[in-house]
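Listed here are the chains, written in short residue letters.
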Amino acid sequence: MTVLDILINYHIAFLQGLSVTLKLCAVIWSAGLVGGVMLGIVGANFPKSWGRFTHGMSFAFSAIPTLVVLFWLHYPAQAVFNVVIDPFYTAALTLTLVNTFGVGEFVRQAVADFPQQYIVAGRVSGMNMRDIVRYIQLPILFRQLLPSLLVLQVGMLHATLFASLISVEELFRVAQRINSTIYRPIEIYTALALFFLVVCLPINLLAAWLKKRYTRDFSER
Amino acid sequence: MLEARNVTFGYDAKPIVKDINLTIKPGGITVLIGPSGTGKTTLLRCLALLEQPQSGEICIDDACYRYPWVPGQAFTPPWPKLTTVFQQLFLWPHLTLRENILLPVKLQNKADNDHQLDALIEAFDMQDFIDRYPNEASLGQRQRVALARALMLKPSYLLLDEITSALDVEQIAKILSYLKQLRGQNIGIFIITHLLGFARHAADQVVFMADGGIGESGGPDILKTPKTERLFQFLSVIAAAS
Numbered sequence: 170m171t172v173l174d175i176l177i178n179y180h181i182a183f184l185q186g187l188s189v190t191l192k193l194c195a196v197i198w199s200a201g202l203v204g205g206v207m208l209g210i211v212g213a214n215f216p217k218s219w220g221r222f223t224h225g226m227s228f229a230f231s232a233i234p235t236l237v238v239l240f241w242l243h244y245p246a247q248a249v250f251n252v253v254i255d256p257f258y259t260a261a262l263t264l265t266l267v268n269t270f271g272v273g274e275f276v277r278q279a280v281a282d283f284p285q286q287y288i289v290a291g292r293v294s295g296m297n298m299r300d301i302v303r304y305i306q307l308p309i310l311f312r313q314l315l316p317s318l319l320v321l322q323v324g325m326l327h328a329t330l331f332a333s334l335i336s337v338e339e340l341f342r343v344a345q346r347i348n349s350t351i352y353r354p355i356e357i358y359t360a361l362a363l364f365f366l367v368v369c370l371p372i373n374l375l376a377a378w379l380k381k382r383y384t385r386d387f388s389e390r
Numbered sequence: 003m004l005e006a007r008n009v010t011f012g013y014d015a016k017p018i019v020k021d022i023n024l025t026i027k028p029g030g031i032t033v034l035i036g037p038s039g040t041g042k043t044t045l046l047r048c049l050a051l052l053e054q055p056q057s058g059e060i061c062i063d064d065a066c067y068r069y070p071w072v073p074g075q076a077f078t079p080p081w082p083k084l085t086t087v088f089q090q091l092f093l094w095p096h097l098t099l100r101e102n103i104l105l106p107v108k109l110q111n112k113a114d115n116d117h118q119l120d121a122l123i124e125a126f127d128m129q130d131f132i133d134r135y136p137n138e139a140s141l142g143q144r145q146r147v148a149l150a151r152a153l154m155l156k157p158s159y160l161l162l163d164e165i166t167s168a169l170d171v172e173q174i175a176k177i178l179s180y181l182k183q184l185r186g187q188n189i190g191i192f193i194i195t196h197l198l199g200f201a202r203h204a205a206d207q208v209v210f211m212a213d214g215g216i217g218e219s220g221g222p223d224i225l226k227t228p229k230t231e232r233l234f235q236f237l238s239v240i241a242a243a244s
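Chains A and B, in that order, are what the protein sequence lines are.
Under the numbering used here, the first residue of the first sequence carries the number 170, and numbering increases by one thereafter.
Under the numbering used here, the first residue of the second sequence carries the number 3, and numbering increases by one thereafter.
It should be emphasised that the hints constitute simulated quantities derived from the structure, not laboratory data.
Errors might be hidden in some of the hints.
Derived contacts from chain B toward chain A, CB cut-off under 7 Å, selection only [unchecked claim]:
(1) Pro-82
(2) Phe-92
(3) Trp-94
(4) His-96
(5) Gln-110
Ideal Cβ placement from N, Cα and C applies to all residues, glycine included.
If we strip away everything but chain A, and leave its shape as in the complex, we get:
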């Protein structure tokens, strides 16, 4: 049985798994990016309150493995509060939190460290703050942040695999179940690797290209 045969025979199961993975990604990416950007901007503007909160939470999430947070929210937290939550939502919440604070910290740092001289140059040229933000600050920040944010989102796609460990029927779990039926680990995991390669490699290449295209020597040699 070849990789292609497996994909054809089990295409319904794979498509269902893929659908769950994509739904997870849709939640994690959209909520994480929107929430993270807002958190980062608020954190940069209120460094002593929200800034410290974002920074601290980002530190905490980078120190605690995502899998531990996921398991903690799935088992002990639900037992403590005596609730049963669909594993999909638990996984979505966990990964969204990780993504939100990751994005938030990137944005907070970029906004806080934005070279003030570019804003001063805009002011003395008669530009109002709205125009400075629109034509100077946002384009520079966007170019600076986009590659890092893309790479982070690829990392979040990879992290959806953890959801399989709390019984979310996403792509990896589907692959495991098919493997337990037909025992073709080489073919199945090769197919899975190819899937991630096809999806993630272009995003990583795009991030690398954007970094090369837009990263300028701000030091003005």
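Position chain B against the provided structure of chain A, taking the given hints into account.
Just chain B now, with coordinates in the frame of chain A:
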């Protein structure tokens, strides 16, 4: 008239600029000279209203700004009627040099941008690099662009901080001769420079700054016959170095 009255500025209790009184007239060139670290750039930033002095008053024509500044007090920005070219230039890195020059003027809705830009490109020899990004241009090229960006705004007062430091002799001559022409357009120019030759030939007023205060000021003849020992020493050091 751009006027500073009893302006004092410092960090914590240490004054950097002490009790400065200075007048920059429209159509005149005021040259500020002095040793490094004596507060020249800080004074320029105060005049540009980019720093808030601890005391004093800065008047730009009819608008006066009194210090110490009261938080919440209404502030009417004087820019770009008064504009500045900094020593570090501050060109926006995501825009080409042409876009750097045109962005502020387009937002001001000033007409005839293209004709004016073409004239500046020719005057400052910028044809070969005008469509490059700042990181692709030399410091001298960027200095010319930063000056052009300010001139496009047709300011009434132009404050320039060491803008010829990276230019060759030919470019310096071109830019300084261009600045002299601006007098005819009634623009008041305030320039920090070490080019004493320019001060001698073009300045209407020379101000010598030392230890945060004005050591001596007057016409260009103060460079020939200084009245204070401190200016005499400064000129002697420069003469010995050159």
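Okay, the hints, checked on the actual structure:
1. Pro-82: holds, 3 Å
2. Phe-92: This hint holds: B:Phe-92 lies near chain A, its Cβ roughly 4 Å from the closest one there, short of 7 Å.
3. Trp-94: holds, 6 Å
4. His-96: Constraint on B:His-96 satisfied, holds at 5 Å.
5. Gln-110: holds, 6 Å
When each numbered hint is compared with the structure, no violation occurs for any of them.
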